[in-house]
Structure formats: C-alpha cells, structure tokens
Amino acid sequence: MAVILHARGLNKSFGAVTAASNVDVRVEKDSIVGLIGANGAGKTTFINLITGYLKPDTGAILFEERDITRLPPREITRLGICRSFQMPQLYSSLSVYQNMMVGLGVVLRNAGRGGYFSRGRPQVPGYDAPAEEVADRILDRFGLADQRDKNAQVLPGGMRKLLDIALTMVAKPRILLLDEPTSGVSAEEKFGIMEMVLEAARAEGATVLFVEHDMEVVSRFAQRVLAFYDGRIIADAAPEIALADPEVKRYVVGGVSRA
Amino acid sequence: MDPILSVIVDGIMYSAWLFIAALGLTLIYGVMKIVNVTHGSFYALGAYAGASFTGAWLARGYPPMLSYAVLLVAAVVITLAFAPLIERGILRFMYAKDEVVILLITYALFLILEDTIKLIWGVNPYFIAQPYALLGSFEVAGLSYPTYNLILVGLALAMGGGLAWLQHSTRVGKLLLAVIHDPEVSRAMGINVGKYYLVTFTFGSMLAALAGSFTAPTVSVVPGLGVEVIVLSFAVVVIGGLGSLPGAALGAVIVGLVRSISVHYLPQVELFVIYFVMAMVLAFRPRGLFSLAEPRKI
Amino acid sequence: MKHDRTPAIIAAIFLAVVIGGPWLPQWALFILTIAFAHGLVALGLMLLLRAGLVSFGQALYYCLGAYAAGALGKFLGISDIFVQMLAGAAVAGFAAFVLGFLLAKYRGIFFGLLSLALSMILYGLLVKNQALGSTDGFNILPSTLFGIRPAADWVRYSVVVAAAFAGLAAALLVHRYLNTPLGRLAPAIKDNEIRVEYMGTSARHAIHVKYVIAAILAGVGGALAATNVGHIDPEMAYWTTSGEFIFITILAGTGNVIAPFAGALIFGVIHSMAYDLSPNTWQMSLGTALLLLIVFLPNGLWSLFVRRKAA
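Quick note, the sequences are listed as chains A, B and C, same order.
In terms of our numbering, the first sequence has 240 at position 240, counting the first letter as 1, and numbering is strictly consecutive.
In terms of our numbering, the second sequence has 285 at position 285, counting the first letter as 1, and numbering is strictly consecutive.
In terms of our numbering, the third sequence has 140 at position 140, counting the first letter as 1, and numbering is strictly consecutive.
To be clear, the hints were calculated from the coordinates, so they are not data collected in a lab.
Where hints are given, some of them may not hold.
No more than 20 Å apart at the CA atoms, straight line, and that leaves these computed lysine to aspartate or glutamate pairs for EDC-like [said to hold, decoys possible]:
| # | chain 1 | residue 1 | chain 2 | residue 2 |
| --- | --- | --- | --- | --- |
| 1 | A | K172 | A | D214 |
| 2 | A | K150 | A | D128 |
| 3 | C | K190 | B | D10 |
| 4 | B | K33 | B | E99 |
| 5 | A | K55 | A | D67 |
| 6 | C | K190 | B | D98 |
| 7 | A | K172 | A | E132 |
| 8 | A | K172 | A | D140 |
| 9 | A | K29 | A | E204 |
| 10 | A | K29 | A | E64 |
| 11 | C | K105 | A | E75 |
| 12 | A | K249 | A | D214 |
| 13 | A | K150 | A | E132 |
| 14 | A | K150 | A | E195 |
| 15 | C | K128 | B | E270 |
| 16 | A | K172 | A | E195 |
| 17 | B | K118 | C | D276 |
| 18 | C | K128 | B | E139 |
| 19 | C | K105 | B | E99 |
| 20 | A | K172 | A | E75 |
| 21 | B | K33 | B | D182 |
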C-alpha cells in the first residue's frame, strides 16, 4: 500500500526532557493507527511535530514524498492534514453553528471563494452546497443539531469533543489526527463516537491516526498500534500483538510513568 | 566646560525625576498586573497637595527649612485620602476582567480625578518656589545647577533602595513574591491577597504623589500636569520591563540620557526620540530589557 | 434568517441628511459632520475590537489624514474635499500597511501600548516641526466640491453631504466585509488563535488587513474633521484624542456598523452641551460615563436594541 506519511528520524528535546527520540514511522494510506503511551510519553509531541506546531531538532516529515517539516500549521492544514485537540479548541463566545461557519468560511477562503467581490452564495468545495447548508448537515451528522444555537462554552464535555472533531473534519482532510477523541466522554458513548468519526473519515478516504488511553477502544478500532515511551516507539504492530508485548504492558497498559 | 559632562549631569537629573515618577506604575503592574492610568492623577494630586500645604505653611510664617517635610506629609495625606477609596470602592471588583478593560477603567478614573482636582484647587496655577530657591545652586565643571535637584536624586536613590530592600530582605517582600506569581494559590495558602493589593495600590500611588509633590516647587502647578507624566512613565516602564524595579531604573537612565543628548544636539527630536525608543523596545523585546519570569505559553 | 435591514437604514440616513440638511442650523451641521468624521474612526476601531484588539493610538491615522488634507491645500493649493479624503486615506493606509507588519504580531496590552507609542512619535515630530506650524498647526483652505466653491451659506451643508456620503459608504462597505469569511474571522481570532491557525488561515494576516482598513477609515475621518474645523494641529495625534475615540467605540459597541456613527453623534452632542454648561466637569462626566458603560453595558448602547444575538 502507498505510504502517505513518513516521519523520518524525528528528534525533539526541551532541555533535559526528550520528547521524541529517533521516531521513524511510515503510515499507509487508508489505514487506522492507534497511538498509545503513558502521559508524557511523546504522543501529543508527535502530533505537534507532524502538524508543524513544533519543529524537530533533527529529522523530516514527508507527506506523499513532499517535505513538510518546516511548514507552519496553517499550511499543513491546507495540504490536508488536520488534527483535533486533547482539550477541545472551540470559539467560546460563538454558538455551535457559528463555530462551524467560521470553519467553513476558512475552507471557502482557501479555495478562493466567498471573497469580498463574490456574488450569491458560494459552494463549499467538497460539499457542493452553500456554507449555511453544509454547517447544518455536518452538525446533523455529528448529532449536534439540537445544540445548534447554544454557546460552545456551555456544551457538555462529550459534545465539546464532537464539535472539536467536527471542526477538524470540515476541510475533508486526507490525514486525520485525533488527539484523545474519547477522553472526557462517558463509557457508553465512547464506541458510538469512534464509530461515527471513523465512518465519516473512511467515507472521505482519510487516513486516521488517533491517540487513546482506553485500550478497549484501541483494540476495537485500530488496525495498527504504535506504543510510545520516553519519546521512543517501543512497539509497532497489530493491536493483539502490541498490547501483549511485555514492554508495552509494563510502560503503557500498566500506566507506569517514567521512573 | 565639558559638553559631555553637562549632557550626563542633565541626563542624571532628568533620570532621577523619571525614576521617581515611574516607580509607582511599575510596582503596581508588577504586583497587581494592572496598567494604572490613575498614576498620573496621583502625581498631580501630590503636586497640588504639596503646593497648597507648603503654601499655607509658609504663609503662616513657619520655618521654610521644614517645608520639605510638609511636601512629604502632603503626598502621604492626599494619597490616603484617595487611594484606598479607589481600590476598595471600585478596582477591587474589577480584577477578574481583561487587562485592557482594567486599563480603560483606570483611564475613566483618571478623567474623573482630573476634574476633581479642578474642583478642589481651581484652575489657576500654584507656584511655590521657596523650597526650590532656598537651596541655591552648586557648580559642576563651570555650569551651575540648582541644589534642589539633588533632593530629587536623593529621593530616587532612597525609593529605589528602599523598595529593593523591602523586596529582598523582608518577610513581606517574600510573601509579595508569592502574590505576584500566583494570587489564587496564595489565597489558598492563607495570604490575604486583597490586603496586599490594597497596600500595593496605596503605596504605589503614594510614590507617584511623592514625585508630584517634590516636583511642585520646580514648576507651575496647573491642570493637566498628570497627563504628560503618564505617557512618559509608560515609556520608562515599558523600556525597562513592566513590573521590574531595576528595569524602571534602567529605563529612567536610558530615557534621561537619550533626552539629554537630543536636547543638547538635536532639539527637534526631543519628544520623538523618547517614544521612538519605547516603540523599538516594544518591537524587539516587548517584555522590556529586564523581563519578569514569563509563564510558559503551552 | 433575519432580513438584513442595515443597508436600507444606511440609505435612509443619507437621504435624511441630504433632504433635511438645508433646514438645519449651522451649528447642527457642524456637529453632524464631526459625528461622521469621528464615526469613521470608531468604525475602524470597532473592526479591531471585534478581533479583540484595542488601539490606544488610532489618533495617529486621524492626524495623518488631517495633515495630508491640510498639506494638499497648503503646498499644492488643492481644496477639493474628495481629493482631501482620498489623500487622507492613502497616507494613513500606507503608514498602516508598513506599521502593520510590526503591530499585527502583538495582542492585548502590548498592541495597545505600541500603538500609543507610535501615535506619540507622530505627535513629537509634529510639535517640533516648524514647516507645519509646530504646536499651533495651521489652517486649512475652505473646501470645494468637484471644483465648485459653494456659497458661504452652503459650505457646511456641502461638507455634511460629503461627510455623510463618505461615512455611510464606508459603513456599507464594512458591513459587507463583515459577512465575508475574513470578516467573520474576527471573533474567532479573539477567542482562540490556535484554532484559527489550525483551521488553515493566518490570524496575523487577517489582523494586518483589519488594521489597514481601520487606518484608512481614520485617515478619511481626519481629513473630514480638519476640513470641518478649518484648522489642524498636533493635538490631533495626542493620546487623549485616541482616548475619546475609544470612548465612542465602547459607547457604540460592536453590534452594527451604524452604531459607531450613532455613538459619535451622541458623544458630540453631549460634549458640546456639557462643555457649555460646565467645562471643568466635562472630563468627570466622560470618565463616569465610561466607567458605567464598562461595568453595566460592556456591549455598548447598541446592545439595548438587540435582545438576542442574531444567528
């Protein structure tokens, strides 16, 4: 299968803290990869490096053969790599609907539509409908239609997560990076959310990487698991194998943090 | 008659004045994280109180040599009359708001105080030259300077030294450090943060009032006295770093020397150059030349 | 979706000015013109405020616009009011384009203080500049419209019409801008810049654009004010002038493009009344009003008219 993303020899330290140590990963197109590891193991750093929020000390990141290492997050988003956040990043003074409209507005703008001199209601690329319709469509699909006019700040935790992910997927990314998509969500809802999100992602042909602490979610949804510890990848295999690995059991599943 | 020497002496004297004028502003920012526009009002209040109290003192024929003490007392009294009222009555309820909003609130208070001053003291100028004239002048390298300016220099050293001592060598100073870094945690640990804020605001305003009071004998005290002081103090404090005591000193010295140089060699840029330096510092080191420890962003 | 009534209201206001103008006394026309001039500045400030930025030095562009207009008359003998406004817009816009590269990197207090420093730099330069009259400033030629010099009685009226045209046209243009993706980005920038960046667009670029637009508006406002008053001086760049603009913006709130003009008018009227009644308590009233506004009506007077946030 084609390699869509290649993180090559990534190293990143903050003073005495090693956040990434020789991380080398090839991700295949259309795959679903789970990233596991204790807190501070380097999962979020990995996402931050790929999306340009952090720059590696050494190493490179290639998106379909193109070197994207030095690009800022907004460029990387425009190329089709989008991420959601551990703590939902929403526009707290706006309603759920307005949040979506901002996101769609950016998509329109990046496609050169909806500018000052445009007439009528421009179609959002990838949806073939004007922004107002698309916003409602997406909210519907994510089960947020009832919250449409509620202020983003007052939503319960699970819905904030959903909105965060919805905003991330607005641009129909080629690679979707989800940072703890089910954290803060009740146990009964976790599977439902993952199914909904992955189905939407697959429908758009996206490759998905997700960070998770819940091993049940990982076993159920990931095709491949990358286990992080101390900035290194200590296991890279199918979930059944990775989760049975003694090192993984010791440093990840057992929840032991760096001694 | 060495021109460079006169530039330096002029610069030092102006720096001393700038330092005492700006110190209160940086103290209040450092502890309370607010940019306090009423700083200019307290400067003016101090000037008016100093002028009128001293005027009354001298009119009654009391010893002129004690007028310096009167200036001091005037500043203290006028501050105590207004500062606690402002902090407890209004500011106290606003600390949760955005820092720009708080600045605008202090600006509103400044406007109110400007007219309050006019209502109390009228619009005619006050002029008490005696404490100034009394000390005569001294000579440096063939040029004569008013001896009174040495009082300003002395005041600058006393204030700076005093605050530094308070900060480093006293228990209050150390507790203050805790309040500066994290008011919420401090509260949780039993420190009465509200009291610290009240005392800081009053003390910082008093420093401004002292500056105004001791400047009064050198100028004609008129409405609008505080207006220019605010912007100049901003410039000094920003250059050195908001909240930093050594920063205020450095900022005062830089602005003082820069102004002195321009006054002697290129008078057209005198005003421009001060704000130019402020803009440059903001552009390249927004936290000032001596920044406080910054919390990590993410 | 609520039907957008703003363009209709704007058109109605313009008609009211044109038709009703000749019946108004000279002092009312004067105040009306100043309201449009100040309203323009406040409109620009509103754009920035929506993105979470308060400029403490907008007077910089107001003053640049005024001096540009004045210089046209003083050195080139041009007194056409539209050319003056264009000159104000061009000079202010260019300055903001250059300065924006620096300013767009800052937020909060630092943005405010830096903008303040820049306006004081202009003030300092003008005060010491003999060619432009230093602290006295200089007078500006009475305006002409398209080459015609109106009869003495009609001067104020023609200036008001020109001002109304400029102000209301600007309002319409900004209103349209606010409905574009870039315009809608403002509250998002204020709330969460990281999310904006991750959505795929540059917050800094958006702010730079808004900053330039705000400056152009202020420049036009300055040119109008200068023409109206007939005199220009460095005080127009002083920080207290910026303070008045901030007051008007807070009074107006960020709800609608007409609000800054309404705010400016209210301010202008109260200013003249209060100043006539008691010049020594004007600042106190201003300060008290500002305090009350911030505490009780943080969204400005406009929020009294709008019960619910429109979808």
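Given the hint that K249/A pairs with D214/A, does the C-alpha gap stay at or below 20 Å?
Satisfied, since the Cα-Cα distance of roughly 14 Å is no more than 20 Å.
For K105/C and E75/A, compute the direct alpha-carbon distance and say whether it is at most 20 Å.
Since the Cα atoms of K105/C and E75/A sit roughly 18 Å apart, the hinted pair holds (cutoff 20 Å).
Can the restraint linking K190/C and D10/B be considered satisfied, given a maximum Cα separation of 20 Å?
With a Cα-Cα distance of about 46 Å, the restraint between K190/C and D10/B is violated, given a limit of 20 Å.
Between K33/B and E99/B, does the CA-CA distance stay at or below 20 Å?
OK: K33/B and E99/B at ~8 Å, within 20 Å.
Measure nothing beyond the straight line between the CA atoms of K172/A and D214/A; if it is 20 Å or shorter, mark the hint as holding.
26 Å, violated
Regarding the pair K128/C and E270/B, is the alpha-carbon distance no greater than 20 Å?
8 Å, holds
Would you mind confirming whether the straight-line C-alpha gap from K150/A to E195/A stays at or under 20 Å?
25 Å, violated
Holds or violated: K29/A to E64/A, with C-alpha atoms at most 20 Å apart
10 Å, holds
Need the status of pair K150/A, D128/A: alpha-carbon distance at most 20 Å?
27 Å, violated
Quick one, are K172/A and D140/A close enough, alpha carbons at most 20 Å?
Distance of about 16 Å is within 20 Å: holds.
Next pair to validate is K172/A with E132/A; report whether the Cα-Cα distance is within 20 Å.
Roughly 17 Å separates the two Cα atoms, so the pair holds.
Below or equal to 20 Å on CA atoms is what counts here, so check K55/A against D67/A.
13 Å, holds
Hints 1, 2, 3, 14 and 18, counting from the list given before, are not met by this structure.
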